[in-house]
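Enquirer: One letter stands for each residue in the lines below.
6 protein chains.
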Amino acid sequence: MNKQIAVYPGSFDPITYGHLDIIERGLEVFDQIIIAVARNSEKKSLFSTAERIGHIEEAVDNNPRVIVDTFDGLLVDYVASKGAKVILRGLRAVSDFEYEFQTAQMNHNLKSEIETVFLITSVPYGYLSSSIVKEVASLQGSVESLVPPVIKKALEKKFGKT
Amino acid sequence: MNKQIAVYPGSFDPITYGHLDIIERGLEVFDQIIIAVARNSEKKSLFSTAERIGHIEEAVDNNPRVIVDTFDGLLVDYVASKGAKVILRGLRAVSDFEYEFQTAQMNHNLKSEIETVFLITSVPYGYLSSSIVKEVASLQGSVESLVPPVIKKALEKKFGKT
Amino acid sequence: MNKQIAVYPGSFDPITYGHLDIIERGLEVFDQIIIAVARNSEKKSLFSTAERIGHIEEAVDNNPRVIVDTFDGLLVDYVASKGAKVILRGLRAVSDFEYEFQTAQMNHNLKSEIETVFLITSVPYGYLSSSIVKEVASLQGSVESLVPPVIKKALEKKFGKT
Amino acid sequence: MNKQIAVYPGSFDPITYGHLDIIERGLEVFDQIIIAVARNSEKKSLFSTAERIGHIEEAVDNNPRVIVDTFDGLLVDYVASKGAKVILRGLRAVSDFEYEFQTAQMNHNLKSEIETVFLITSVPYGYLSSSIVKEVASLQGSVESLVPPVIKKALEKKFGKT
Amino acid sequence: MNKQIAVYPGSFDPITYGHLDIIERGLEVFDQIIIAVARNSEKKSLFSTAERIGHIEEAVDNNPRVIVDTFDGLLVDYVASKGAKVILRGLRAVSDFEYEFQTAQMNHNLKSEIETVFLITSVPYGYLSSSIVKEVASLQGSVESLVPPVIKKALEKKFGKT
Amino acid sequence: MNKQIAVYPGSFDPITYGHLDIIERGLEVFDQIIIAVARNSEKKSLFSTAERIGHIEEAVDNNPRVIVDTFDGLLVDYVASKGAKVILRGLRAVSDFEYEFQTAQMNHNLKSEIETVFLITSVPYGYLSSSIVKEVASLQGSVESLVPPVIKKALEKKFGKT
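Protein chains in written order, with the working numbering: chain A, 1 to 162; chain B, 1 to 162; chain C, 1 to 162; chain D, 1 to 162; chain E, 1 to 162; chain F, 1 to 162.
I should point out that these hints are in silico values taken from the structure, not numbers from a laboratory. Mixed in with the good hints there might be a few duds.
If several chains are the same, the list does not tell them apart, and a pair holds so long as it fits within one copy or across any two.
Claimed, not checked - Once the Cα atoms are required to be at most 25 Å apart in a straight line, the calculated SDA-like pairs of lysine to any residue come out as:
(1) Lys-152 with Pro-9
(2) Lys-158 with Tyr-125
(3) Lys-158 with Tyr-17
(4) Lys-3 with Ala-80
(5) Lys-82 with Leu-110
(6) Lys-134 with Asp-72
If you're wondering where the values come from, they're calculated on a predicted model, not measured in any experiment.
Required output: the full structure, derived from the provided sequences and hints.
Expert: Below is the structure:
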């Protein structure tokens, strides 16, 4: 089989240790992971697309098997344009599941040759989300155990040192 | 990367179109799939392990990328013994998710280098299970749209022609 | 439109105020309700089919719009044999929903002209089930607010007066 | 019993094949269905109330047993004003269930003589929602299998041809 | 052991009989309950922080074991500043559970010596929320069975007499 | 207020680090915890009631604030007989929640002065259950990170050294 590429799409506003756990474990399964930052969610985002890409690149530490990119439009079109057949997603909880279920079925309807593959987030990160990280940081709580150092610094710059 | 092998474990008592959907789509993602029939669930099973293996082999039609095998003992030990790093599972509904979540976390605790990867069952098979197939067949309902011909014949032999 | 008949199937082992709530409210929607006691669940039941029918008849108090019957075999075949097009079911909680969802989809697959219609159990009975009633009665707890008098007496006879 | 009328309330922004499935199957159970477009949700809607009514009327193709109307204020008051006793709703997934459960209990508290009756959306439409349709259309994805032709045309006019 | 204080945080916009049920039952378990009104949710609130505090004080009727206060910043810091070790929360449904689960795990991560303790809302209030109360009141529905008289009056003043 | 006693009921067949986490954290909230081993579940249990009590006593290490006892009959009657007003339970997942919800509502119906109080199991033990521990041990998997040493030894004696 050819090199198996998986696209890991998301807002990553900001990237957390939960996302990095999925990426690290995805690399056990796939040859290459393209982290695809959704451009259309930029308006309400805390960090700009450029900032988010910078953060992710620093967090994944120039791993040659990881590519950071942006996309807009239909995800399945983007995945196909990259020669990939797999969308990678993490699952944390039941509420995740229903949303992911709906999205995966719709993506299958739009382009049936692309598969969505799920990993369950590791135990210590099961309650983590970008939203709760931003809320904690905005209230001056410590995010040291939740995000990589580059994000910790960026959040401190936005909200004041914690 | 080496050939990526995924182990698809289960009781398959009997195999349904839902299982075959996961196998077919798993072959888009992995180089080889080992269908691993759990031997320890034999006591309460409708079909013997040998029957179930025969059914699966006929249903997957000698695809050289699919291997049918049995296992007992810890699943993660079996997976490692096959040189595989991936367990493949299908998700249909929220109740599936909780059981699969618990099992995947335990398997990760037992052997952290093995990943459990999930596909969501295709829309037409989302309500299918081996149990409901057996119940319908035992009540003389038609299972033609639920299982491959080899299973339909085997169920008719067990429960009388439908 | 002709008279609309709904079949309300179940084990009713025993009937509770939760079931009676669904029947009473179902009579607001349908012209006639056939309470269909599943015969195949008799083996593990506390009360015999005959006892359960007697209990239900007393509990519904000879309402001419309610018929009590038994069935075995496929539910959809029974429903069709009665000239009915509707299966009535109560929903209490999320776990109910998944089971009912699977069953309704299978019944639709078996006979697409029959519809399953759901009512949500009234607030005070949302946690009630025949199983928990039997457990409470077996431990000598009071079931007065959970089941009609005929069932209270029958449970006392089985488990001793509470 | 008198003619049984069911009110099917919603935003229908836009109507999908999932809604039409519920309407078609509801007509097997009830004599008449009033599709009641909620007027108060207009502000954030993609289509105006008038557009949505036009779409629905074309989609249901002048079926004399289907009436399209709008409502504002309390749904239970509207239902009573129409001489109806039944609210019809579709259920797709667990997250639906919790919201519908809360709403049905509240409506029962407000006017106990009105019943909410649920049908489970047919398998092929279980993942469909007006929101995901709008998202797909806005990203130039094909909505042909999701909505009737009148909506497909209207979405193309809003978002450009797909 | 010292006096056990529990902090019951929330928006209370407005307080409902569901909240009062949790407070009353919490007083069976704890020596003192501090009702902590979240100040940062003020922007989108119907009632101002001052109004909400006034409502709660009237609703709890000067019980000396109940203190009404406001907080901003991290909840766990506020709890610690009050010499308390317990956060009290009510659970109504599955969707509540997932949010509460995430929040409780995060609070444990931030300050592990503080415990979140849950009570399940009593049966008659299981479907109640401040949001649905506001929606019903805004549509001129009766809220008499849902909120204490002080809130009923305040809602009538906001939305017109019901 | 008097000394606050909480009863922590269960099968504890065997006790796991998940149970011990709830006990340890419960001691932050309550003055005394009575671990109440359900006697009626003995038949299908792996360990006898006497064995389970011995295991728990060793695991809690003679903490004077922890009492180990057995009960049969209605839990609420046992709780009242101990002069306690609180039942303590751990919540791990959504499926737990529904069962616990039903049981708590029933216990409230049987004796309204007794409250059920929930703690959410700590992150590392969220997937643990006595059943999965027994399954792993029976398959010769390592349970060292799941149960205290006394249970590890007892499981090895039952199933052979792992």
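Enquirer: Each hint: holds or not?
Expert: A quick look at each hint next to the structure:
Taking the shortest alpha-carbon separations for Lys-152 and Pro-9, only the intra-copy value of 22 Å comes in at or below 25 Å, while the best inter-copy value is 27 Å. Taking the shortest Cα distances, Lys-158 and Tyr-125 sit within 25 Å of each other inside one copy (23 Å), while across copies they are farther apart (35 Å). Taking the shortest alpha-carbon separations for Lys-158 and Tyr-17, only the intra-copy value of 19 Å comes in at or below 25 Å, while the best inter-copy value is 40 Å. Both within a single protomer and between protomers do Lys-3 and Ala-80 lie at most 25 Å apart by alpha-carbon distance, with minima of 14 Å and 22 Å respectively.
Taking the closest pair of Cα atoms, Lys-82 and Leu-110 come within 25 Å of each other only inside a single copy of the chain (17 Å); across copies the shortest separation is 36 Å, beyond that limit. When the C-alpha separation of Lys-134 and Asp-72 is checked against a cutoff of 25 Å, the pair qualifies both within a copy, at 24 Å, and between copies, at 16 Å.
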